[in-house]
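With the hints as constraints, model all of the structure from the sequences given.
Protein sequence lines, in the order shown, are assigned to chains A and B. No gaps in the numbering here: position 217 of the first sequence is 217 in our numbering, and each next residue is one more. No gaps in the numbering here: position 43 of the second sequence is 43 in our numbering, and each next residue is one more.
No lab work stands behind these hints, which were simulated from the structure alone. One should not assume that every hint holds.
No distinction is drawn between identical chains; accordingly, a pair holds when it is met within one copy or between any pair of copies.
[Claimed, not checked] Within a straight-line C-alpha distance of at most 16 Å, the following computed EDC-like cross-link-like pairs (lysine to aspartate or glutamate) qualify: (1) Lys198 <-> Asp173; (2) Lys156 <-> Asp68; (3) Lys82 <-> Glu104; (4) Lys59 <-> Glu109.
Protein chains: 2
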Amino acid sequence: MKIIELKETITASNDLDAEVLRKEMKQKKTLLINLMASPGAGKTTLLETIISKLAHKYKIGVLEADVDSDVDAIRVSMAGAKAIQVHTGGMCHMDAGMTRCGLEALDYEGLDLVFLENVGNLICPAEFDTGAGKKIMILSTPEGDDKPLKYPLMFKESDCLVISKMDVKEFFDFDLSKCISRAKALNKDIEIFPLSAKTGEGFDEFIEWLEKQIIEWKR
Amino acid sequence: MKIIELKETITASNDLDAEVLRKEMKQKKTLLINLMASPGAGKTTLLETIISKLAHKYKIGVLEADVDSDVDAIRVSMAGAKAIQVHTGGMCHMDAGMTRCGLEALDYEGLDLVFLENVGNLICPAEFDTGAGKKIMILSTPEGDDKPLKYPLMFKESDCLVISKMDVKEFFDFDLSKCISRAKALNKDIEIFPLSAKTGEGFDEFIEWLEKQIIEWKR
Numbered sequence: 001m002k003i004i005e006l007k008e009t010i011t012a013s014n015d016l017d018a019e020v021l022r023k024e025m026k027q028k029k030t031l032l033i034n035l036m037a038s039p040g041a042g043k044t045t046l047l048e049t050i051i052s053k054l055a056h057k058y059k060i061g062v063l064e065a066d067v068d069s070d071v072d073a074i075r076v077s078m079a080g081a082k083a084i085q086v087h088t089g090g091m092c093h094m095d096a097g098m099t100r101c102g103l104e105a106l107d108y109e110g111l112d113l114v115f116l117e118n119v120g121n122l123i124c125p126a127e128f129d130t131g132a133g134k135k136i137m138i139l140s141t142p143e144g145d146d147k148p149l150k151y152p153l154m155f156k157e158s159d160c161l162v163i164s165k166m167d168v169k170e171f172f173d174f175d176l177s178k179c180i181s182r183a184k185a186l187n188k189d190i191e192i193f194p195l196s197a198k199t200g201e202g203f204d205e206f207i208e209w210l211e212k213q214i215i216e217w218k219r
Numbered sequence: 001m002k003i004i005e006l007k008e009t010i011t012a013s014n015d016l017d018a019e020v021l022r023k024e025m026k027q028k029k030t031l032l033i034n035l036m037a038s039p040g041a042g043k044t045t046l047l048e049t050i051i052s053k054l055a056h057k058y059k060i061g062v063l064e065a066d067v068d069s070d071v072d073a074i075r076v077s078m079a080g081a082k083a084i085q086v087h088t089g090g091m092c093h094m095d096a097g098m099t100r101c102g103l104e105a106l107d108y109e110g111l112d113l114v115f116l117e118n119v120g121n122l123i124c125p126a127e128f129d130t131g132a133g134k135k136i137m138i139l140s141t142p143e144g145d146d147k148p149l150k151y152p153l154m155f156k157e158s159d160c161l162v163i164s165k166m167d168v169k170e171f172f173d174f175d176l177s178k179c180i181s182r183a184k185a186l187n188k189d190i191e192i193f194p195l196s197a198k199t200g201e202g203f204d205e206f207i208e209w210l211e212k213q214i215i216e217w218k219r
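As structure tokens, then:
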């Protein structure tokens, strides 16, 4: 298991760096997806399921960004993806320079799809463009349906909202329609997929959307 | 409902500011507790339960820090605490200067106990001393028992770890003894209270510990 230690790129031009990286990824036909969520919302579990469903059709890589540990990179490697662990040196988010370093260490040439599993945090990662082509966020039902009100930027910035752990929503009085309308009020174009990795509910629609993004990126 | 908008205090001397604030709070016999956790771990629910159990004996105040919204301040006000909402202007944590502004706006004179409900985030709040006398963190069972490995600083910095949502731990394969030994490996002195706000399990021990802290602070 490869682990690299990164420090924040001190640059006033993160947005510019991100734009350059996005263009390079487009030329190489590799879709980079920035996956963001709170700690424990189910990012790694979602990746494991995606890999199990798509690894026969697409070459998939994963950058696992964490403050510490390598448990997630080991999990997604075992699921069948090319993975490396990125340590952020205490940083609470990834930026474009850090993402470029991670991609180079991963050696992403020839991959169709690379996930950047960002640090578990609903605030800071939303503020930094990593150069990803698409942004997916996860909200898990135990976190509560009021989260769009409290962390609006993440919902505004994401292309897709996965609502995870739908199998346990009753235990947490999670109101799906309230959550959807709060998210849509912030971002009318956000695609929303309620699902459960335990029961498999909702995955067909999500995987269909994801494949569409890969195909469009390669055009 | 009072809402104040704060900006980060640009100061190299946050630790010093925090120390000064802590001494002032000690002189005024008000215990300030910095309450930290991921989004949705149950910070506000824990506060509601604490207030319901202790408001007849102690005067309690709450600073509700959020990037946006005022839902939490309304909840704890209704539970019987003196509360204000603090907006952090996008910031992912509170520092000592912001906490002082919040305390002044709350007018905390005569309160026995003030909770700073920090922004929902397991990373950044751990890095900034707010001037609190004690730090409590919450980990909810849906987040997983591996979180000490991934967010070690928060576990190192906290005096007390509340493990919440114990009533649903089976749904998430949460291994309590693994979680406790991982937390203790980072911080051997951390006090750990597994509990459930839904069933009431574990609260007697936690409230007993909390009252001990209030009494010791007033000495």
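Hint-by-hint comparison with the structure:
Taking CA atoms no more than 16 Å apart as the test, Lys198 paired with Asp173 passes between copies only; the shortest distance there is 12 Å, against 19 Å inside one copy. In this homomeric assembly, Lys156 and Asp68 come within 16 Å of each other (Cα to Cα) only across copies, at 13 Å, whereas the closest approach inside a single copy is 28 Å. With identical chains, the CA atoms of Lys82 and Glu104 are at most 16 Å apart within one copy only, with a shortest distance of 13 Å there and 53 Å across copies. Proximity of Lys59 and Glu109 under a CA criterion of 16 Å is satisfied intra-copy only: 10 Å inside one chain copy versus 62 Å between copies.
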